[in-house]
Amino acid sequence: MNEALFTANNVWMLFSTVLVFVMHLGFASLEAGFVQKKNTVNILFKNAMIIAIGLLTYYFCGFNLMYPGTNPGGFFAFGGFGLSMPEGTAGAIDYAGGGYTYWTDFIFQAMFAATAATIVSGAVAERIKLDAYLIFAAIFVAVFYPITGFWKWGGGWLETAGFYDFAGSTIVHAAGGFAALAAVILLGPRHGKYTSKGIRPIPGHSMPLAAIGVFLLWFGWFGFNGGSVLSADPVGVSLVFVTTALAAAAGAVGAFITSYALFKSHDLSMVLNGILGGLVGITAGADLMGPGEAILIGLIAGVIIPFSVVFFDKIRIDDPVGATSVHLMCGIWGTLAVGIFGAKAGLGQLWTQLYGVAAVGAFAFVTAFGLMYLLKVTIGIRVPREHEERGLDVAEHDMHAYEAPAEQTGYALSVK
Amino acid sequence: MNEALFTANNVWMLFSTVLVFVMHLGFASLEAGFVQKKNTVNILFKNAMIIAIGLLTYYFCGFNLMYPGTNPGGFFAFGGFGLSMPEGTAGAIDYAGGGYTYWTDFIFQAMFAATAATIVSGAVAERIKLDAYLIFAAIFVAVFYPITGFWKWGGGWLETAGFYDFAGSTIVHAAGGFAALAAVILLGPRHGKYTSKGIRPIPGHSMPLAAIGVFLLWFGWFGFNGGSVLSADPVGVSLVFVTTALAAAAGAVGAFITSYALFKSHDLSMVLNGILGGLVGITAGADLMGPGEAILIGLIAGVIIPFSVVFFDKIRIDDPVGATSVHLMCGIWGTLAVGIFGAKAGLGQLWTQLYGVAAVGAFAFVTAFGLMYLLKVTIGIRVPREHEERGLDVAEHDMHAYEAPAEQTGYALSVK
Amino acid sequence: MNEALFTANNVWMLFSTVLVFVMHLGFASLEAGFVQKKNTVNILFKNAMIIAIGLLTYYFCGFNLMYPGTNPGGFFAFGGFGLSMPEGTAGAIDYAGGGYTYWTDFIFQAMFAATAATIVSGAVAERIKLDAYLIFAAIFVAVFYPITGFWKWGGGWLETAGFYDFAGSTIVHAAGGFAALAAVILLGPRHGKYTSKGIRPIPGHSMPLAAIGVFLLWFGWFGFNGGSVLSADPVGVSLVFVTTALAAAAGAVGAFITSYALFKSHDLSMVLNGILGGLVGITAGADLMGPGEAILIGLIAGVIIPFSVVFFDKIRIDDPVGATSVHLMCGIWGTLAVGIFGAKAGLGQLWTQLYGVAAVGAFAFVTAFGLMYLLKVTIGIRVPREHEERGLDVAEHDMHAYEAPAEQTGYALSVK
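Chains as they are written, first to last, in my numbering: chain A, 1 to 416; chain B, 1 to 416; chain C, 1 to 416.
The reader is advised that the hints may include incorrect statements.
Since the list gives no way to pick out one identical chain from another, each pair is judged satisfied if it fits inside one copy or across any two copies.
[As the list claims (entries may be wrong)] In silico lysine-lysine, DSS-like type, Cα no more than 30 Å apart, as pairs: (1) Lys37 <-> Lys193; (2) Lys376 <-> Lys264; (3) Lys314 <-> Lys37; (4) Lys344 <-> Lys38; (5) Lys193 <-> Lys376; (6) Lys376 <-> Lys314; (7) Lys197 <-> Lys344; (8) Lys264 <-> Lys344; (9) Lys38 <-> Lys376; (10) Lys264 <-> Lys37; (11) Lys38 <-> Lys193; (12) Lys344 <-> Lys37; (13) Lys376 <-> Lys37.
None of these hints come from the bench; they were simulated from the model. Source: prediction; values computed, not measured.
Chain A with its partners taken away, still in its complex shape (with noise of 0.2 Å):
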């Protein structure tokens, strides 16, 4: 490894980072879009709030449970607070295999880490109160999802166990959809969604945000996956490129089909899903697979996404934006797919990766629940009623997203 191989390497994983920092503003962009007007102000907060949590936390611990460099093979361990640079590292070209230095480890998958649990924000958004929700977001980045990263990507036990998941279909986003529904099983659902009379729609207020959102989210994606090669290896990161473009394209179309034939109708909605569930799709796999496999998937997963919506909604789990659809269904089927399709595929591969992704989804789900009831019975995680009908923005934050009252606004309210 010359030094030139090495800046090459470290440039790659630095623009991936910024890549994967991006998706933060695409959730931001996609959950205001599909929320209503009057909570807009509300989920851009905690979509600001979390990016930062997120990567405090993360350095202060999250890191160093994460990859502790030791206990391989194990359930968990820590490697203390704070960086813990390894003697004489910082500039060593042979740290990570000349990859990346440590600095770029860090910054990599703190912003990784940030995106599990903006995950949450949006299926509980709406009627959470902030606090809990804030308080919820700094744990599950600093010490839930850390541990379950452990177990793979740390060199835990599923790393030993031959459990395949090259970006994060279980560690991420089915680890994420599945706290989501832990939280919304405790949350409930927004008042007037399920009536006696069916199921009320509550259109998000903008759609050209959640459009923006997505197209950032495929943005990101690039470095979310391409970044996951962990060097710039020109057959591997270009490899992925492809696998991930043409399984989101797919799942575009998956979804486009999969709704009109369900709808009669040409679900903007559902599109924007589609990709973003062909993107869930391909990340567990994204370097096993064929330009085709990478079209099945994402097509499979796009077509997941239309009756995992109508089946979220029948069991009235309320999740405004779809993020159980996307990352828990879609998360799982990625996670299974590695056995199906690709350089992996095989009977006991697949074994593998379901009890891959339902411990991953077992523990992501069972701590999340209990986070979450400890936070209900304390502090309370429901907005009052009357808030959740006047909306977040004035009842929360005392402003309005667009063309606020003068004298309902902002922090002129305490010093005039």
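With chain A held as given, fit chains B and C onto it using these hints.
What follows is chains B and C alone, placed relative to chain A:
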């Protein structure tokens, strides 16, 4: 060529790929901003599907039509369906002279190809039938665009003839613009645009969306032109950045001054299209010009924009976003500018540029016209007048772009 | 230095260049979100023109004023109009120690330069005359910014004096902030902002736009600070990414806690400006700090924001977007922090930092004040009161930002 340089080159090409991807978000935002509120979901839907369909059809046959690897100097060749990786090239440094891998080659070109179809969508917005448009776009990216692409970039007869088009003023932009012109002629103007009392402006519904779109297109253009160097050659790519940026800047100034002189107002949409005009104009010769020449080319492109917009309105070519002015007019201008300014300037070259753009334009116009005509006499290409008046969002998508009434939205219409 | 490393370095610098370019979209979105609906087209127009004018004027004379290559330790030098490439350097690996090419040098610095002018536009929004502002911005980027830039980065007297400013807490942000302050003083507050009954908030019209702007600025800041390493040195650039990200995160938390303590509400605009404050704060020493120090610097910057916003309102400096708090106050803080934390901390350094920022601030304030004053007494700098009340979009642009009445829009007024 060593591994490190190959890696750095490939990083550059993939970086350029994601920038070109972002152009699709740019087009989506720009077109959404320039249409009426009631057609916003429709244009977003179209743009989300175009990138999906474009990637898939370019994989299916477009790439091997454009780069068949046979018939040098010819008019047509086909390398087979799907991707057909040359023997042993996946990891070989000697593919493309060490500039990038086979996968990178495909994905960069696929992102490029999809932009050509997107150019059309803006011009036909607000009255074209969704399904007709998607069929048109699929065939355009799968067959028509690759054929003229082969003429030049695949080593066909225009390449042999000495025609120069660095990154596609003709191959992408004028081709897309001629196709747009053909489509608009067959489609006719929006109802109420040209009345007995004169031209009635139909303003776009969101200038912030339009401005975001133009900035994102400019952003992406650094990859569109920068990646067209086909390696990370330091002098090559950095010169292209300079000429691209200065031409865009000069385009803004040219359109600013001209539109102020013509209309006595500071017209934002002219300035935005002036930026795009400057970018389209520099694209054919971004690697041949010095900074001063780039400024001149961009300035003239910016001056062209307001005159062209007025001209197309005078001849009743109704183009809601100005795509014909930006891509067709400035694409022609940029192509000719290669014969006037810079390293290849000369009468002989100018003549070659002229018949190159004429040949590609004729092919694009005739094939697009033929296909659109076929669609018109079969499934129809124009929405019913009442759909146009109600807006396509409700008529074709059962959705509103903003703050939808719950009763009229999305899939829940079918599942309640 | 071999070709591969040179190439990787240059890729990094151009990657950083496009990120800094995106900051202009960030500023445009942020400022558009924080102004009233009726002034949206105007602020978008200004931001589109500033990047255009900035690039052109920096090409015309700014670059050669800032990096004249002569008069080391001095106050002023000029290398001639246009670009003047040193003999034989275009392709030479030895230009800038192999960090980048001459063209890269220019375009990276040009993107930087234009940000300084943009800082002013937010502070003077909603009442400044467009033409006066554009003249001001052109001269600021062409002459004033490069002169103080030369003092430090061009090798002038501040560099000799040991003043440290890694990426421009002083040279870009405080300079822009002081210029903004001068402009606001001459311009006066918006009508109705400060009344006999106290401060009247004038809330921005779109929090989603403001949030998108801040995320994009954070995104771009990775290039602003990352590119200021002036090569792709793996340890250097990755450490800067870590400190930049953590300072921004801590800025959000600092502003969150402080504004909650002061105003008892979760104020989104404070958190957004807290992020920006953290970014401005870390900019002077992003390469000198460890992660813990970066967090402290960002946290303090975040705490400064709400106090500063209240302070400027108390002294009737009307700044619609908080640019003086973010760029001026946190720019000063970040500059001083270099003397307090990190590798260069020390009383001597703190003193040097203090007079450095004072010197640059004094120059920026005095020259900006002088130029604005000249404009005030000649063409005037403030729009008529009735224009301010109707909104600048209609009064100066004949346009509406959203859903315009057809009769009142754009160029068709003139051509019908």
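Status of each hint after checking the structure:
1. Lys37 <-> Lys193: Both: 16 Å inside a copy, 27 Å across copies.
2. Lys376 <-> Lys264: between (41 Å within a copy, 23 Å between copies)
3. Lys314 <-> Lys37: Classified as within: same-chain Cα gap 25 Å, cross-chain 32 Å, threshold 30 Å.
4. Lys344 <-> Lys38: neither (48 Å within a copy, 48 Å between copies)
5. Lys193 <-> Lys376: within (21 Å within a copy, 43 Å between copies)
6. Lys376 <-> Lys314: So Lys376 and Lys314 pass the 30 Å test inside one copy only (25 Å; across, 41 Å).
7. Lys197 <-> Lys344: neither (48 Å within a copy, 69 Å between copies)
8. Lys264 <-> Lys344: Result: close neither inside a copy nor across copies, 38 Å intra and 55 Å inter.
9. Lys38 <-> Lys376: within (24 Å within a copy, 42 Å between copies)
10. Lys264 <-> Lys37: Intra 27 Å, inter 23 Å, cutoff 30 Å: intra and inter.
11. Lys38 <-> Lys193: both (16 Å within a copy, 26 Å between copies)
12. Lys344 <-> Lys37: The answer is neither: 46 Å in one copy and 49 Å across copies each exceed 30 Å.
13. Lys376 <-> Lys37: within (26 Å within a copy, 40 Å between copies)
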